[in-house]
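107 is the number that UniProt numbering gives to position 107 of the sequence shown; each next residue is one higher, with no gaps.
What the hints contain is simulated information worked out from the structure, not anything from laboratory work. Just so you know, not all the hints are guaranteed correct.
Distance ranges between label pairs, derived from CB positions [stated by the list, open to error]:
#	residue 1	residue 2	range
1	S112	Q91	40 to 50 Å
2	W61	A39	48 to 58 Å
3	M29	L60	18 to 28 Å
4	M29	R97	39 to 49 Å
5	T85	S112	16 to 26 Å
Straight-line distance between alpha carbons at most 27 Å, and here's what the computed DSS-like set of lysine-lysine pairs gives [to be verified]:
#	residue 1	residue 2
6	K38	K72
7	K59	K38
8	K72	K36
9	K59	K49
Beta carbons are placed, not taken as given, at the ideal position from N, Cα and C, and that holds for glycine.
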Amino acid sequence: MSGIEEEFIAETEDTKRSKPAEGSAVLQMQTEAVEKLKAISTRAFQHTKASIATVGGSKLWVNSWCSPDAPKNQKATGEPIEASTTCNICQRVFLDRRRLAIHKNVHMKTESKNS
């Protein structure tokens, strides 16, 4: 081999070694995410037969997955929506004036019926 070929091979080997290892960073982030989820327990499901009432009144038996545990709602709760308008009669809160105006008509109708 000539000196140019050896120099080229040495340069390519250096670049291969000097590339940042993104794989290890990804593995670390995935490991951290899994550690957070390890505390969450999953429900145990059992393969059982469930009955469904048909229109004729007879029962239809189907294979189904059932769990004796109640479902756990793990949704992230968002910030509550700010209410902009309140009914001065019943203190009910509405998101916009249009809905409040429609609601006030209900109060007017009940007042006119009472008098």
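Each hint, compared with the structure:
Against the hinted window of 40 to 50 Å, the Cβ-Cβ separation of S112 and Q91 comes to about 21 Å, which falls outside the hint. Taken as a hint, the range 48 to 58 Å is violated for the pair W61 and A39, whose Cβ atoms sit roughly 38 Å apart. Between M29 and L60 the Cβ separation comes to about 48 Å, which falls outside the hinted range of 18 to 28 Å. In this structure, M29 and R97 meet the distance hint of 39 to 49 Å, their C-beta atoms being roughly 47 Å apart.
For the pair T85 and S112, the beta carbons lie near 23 Å from each other, so the given range of 16 to 26 Å is met. Among the hinted pairs, K38 with K72 is consistent with the structure: their alpha-carbon atoms are about 15 Å apart, no more than 27 Å. Of the supplied pair hints, the one linking K59 and K38 is violated, its CA atoms being roughly 41 Å apart against a limit of 27 Å. Simply put, K72 and K36 have alpha-carbon atoms about 17 Å apart, close enough for the 27 Å limit, and the pair holds.
With a C-alpha separation of about 12 Å, the suggested pair K59 and K49 falls inside the 27 Å cut-off, and the hint holds.
Going through the hint list in order, the structure does not satisfy hints 1, 2, 3, 7.
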